[in-house]
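In terms of the numbering used here, the sequence shown opens at residue 28 and continues consecutively.
Derived from the structure by calculation, the hints contain no laboratory data. Be aware that a few hints might be false.
What the hints assert, rightly or not - Derived DSSO-like pairs (lysine-lysine); straight-line CA-CA distance at most 30 Å: (1) K192 to K170; (2) K170 to K211; (3) K192 to K59; (4) K309 to K170; (5) K59 to K211; (6) K211 to K192; (7) K110 to K59; (8) K170 to K110; (9) K59 to K140; (10) K59 to K309; (11) K140 to K170; (12) K211 to K140; (13) K110 to K140; (14) K59 to K170; (15) K211 to K309; (16) K140 to K192.
If you're wondering where the values come from, they're calculated on a predicted model, not measured in any experiment.
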Amino acid sequence: MVEYLSFSIHSMDEEELPQPANSPTAPTVFMKSSISFLRLRGVAVHYFLPPLGSLAILHLETSTTRVSYRTFKGILTSSSTLKHLSVHGETVDRPQWPLSSAPATLIPLPALKSLRICGTEGPVYAGIIFNIDAPLLDSLTLKAMLDGDLVYGHMGNFTSFPQIKVLTFCDFDLSDLGFLSMYKLFPSIETFKSPSTTIGVSRACGSLCALPIPGSAVPWPNLHTLDFGWHDMDDPCLISGLSDAREALGHPLSGIFFRTGEEELIQPWLAEVAAESTGNLKCYVSSTVDAWPCGWRTKYIDREDTLFD
28 MVEYLSFSIH
38 SMDEEELPQP
48 ANSPTAPTVF
58 MKSSISFLRL
68 RGVAVHYFLP
78 PLGSLAILHL
88 ETSTTRVSYR
98 TFKGILTSSS
108 TLKHLSVHGE
118 TVDRPQWPLS
128 SAPATLIPLP
138 ALKSLRICGT
148 EGPVYAGIIF
158 NIDAPLLDSL
168 TLKAMLDGDL
178 VYGHMGNFTS
188 FPQIKVLTFC
198 DFDLSDLGFL
208 SMYKLFPSIE
218 TFKSPSTTIG
228 VSRACGSLCA
238 LPIPGSAVPW
248 PNLHTLDFGW
258 HDMDDPCLIS
268 GLSDAREALG
278 HPLSGIFFRT
288 GEEELIQPWL
298 AEVAAESTGN
308 LKCYVSSTVD
318 AWPCGWRTKY
328 IDREDTLFD
């Protein structure tokens, strides 16, 4: 019985094209399988749909191949057990993305725990985030996003996602205004990760330790862990300053992870951080980035999961 399935098909000869899938509920391959892991990359989403009712992990990875929003919603809602969703590429035709939520556009995902999104056009971020109904979603990864990609998704209505506890940025940073938007959208963040950016470059450092305007909330008051890349030109005082500032705000950090393969070089730098800091901040070093989805255990090793590196 097929349980793990990955289709990566970028082009097909016209004479070899199979019958396109008419509906997510009408599979075209592996009719009797109970598939828990599925990747549809390239044109596969149009022609190779297995039964989706048992899915726990779904990767949709497209570039020029797009589907209607109705089909996109149908694929996602075919499994009530979908726990982890990764969307890379535009997936849906730009004019069809709904940028504000409505009963007809909402995508109920009752079991979803983690979500990853990467697109080259803004609507994919707002179109997904503002239209999924996922009360258990606690981990969100965003790649290559721009400052305004979520802001204009508000469409004049304030929305927040207090259930999300872990936020990860890949290959981008935000302006100070962009971070202010993140604090409002995701007010309950406990862990913030930006492994492709160093703490000396990211605006997060200054933004997180800035004194709030009287009457406003401390940025991410539940934040206890940071996760960044590392460069030997980063000033150790930035870390101690951030730690001391959060301590003074009454919301101290407990730890910072640094992602680097230069473990020997970072040790003297960490010693400087420890010497400068007055708090109890602990620093950790790792040469790898956490696998996705976090905590998923299986005999299957997903070697094709490289698009969010």
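So if I understand the rule, the pair passes when the alpha-carbon distance is 30 Å or less; does K211 with K140 pass? holds, 21 Å
Sort out whether K192 lies within 30 Å of K140, counting only the CA atoms. holds, 11 Å
For the pair supplied as a hint, K170 and K110, confirm whether the alpha-carbon distance does not exceed 30 Å. Roughly 20 Å separates the two Cα atoms, so the pair holds.
Compare the distance between the alpha carbons of K140 and K170 with 30 Å, and conclude whether the hinted pair is satisfied. holds, 18 Å
Between K211 and K309, does the CA-CA distance stay at or below 30 Å? holds, 27 Å
Is the Cα-Cα distance between K59 and K170 30 Å or less? Violated, at roughly 35 Å.
Please verify whether K192 and K59 have alpha carbons no more than 30 Å apart. violated, 37 Å
Please work out if K59 and K211 have their alpha carbons no farther apart than 30 Å. Violated. K59 to K211 sits at ~45 Å, over the 30 Å cutoff.
Would you check the hint for K170 and K211, treating anything up to 30 Å between C-alpha atoms as holding? holds, 19 Å
Given the hint that K192 pairs with K170, does the C-alpha gap stay at or below 30 Å? holds, 17 Å
Restraint check for K59 with K140, where alpha carbons must lie at most 30 Å apart: holds, 27 Å
Is the hinted pair K59 and K309 satisfied, with a Cα-Cα distance of at most 30 Å? violated, 51 Å
In the structure shown, a violation is registered for the earlier hints numbered 3, 5, 10, 14, in ascending order.
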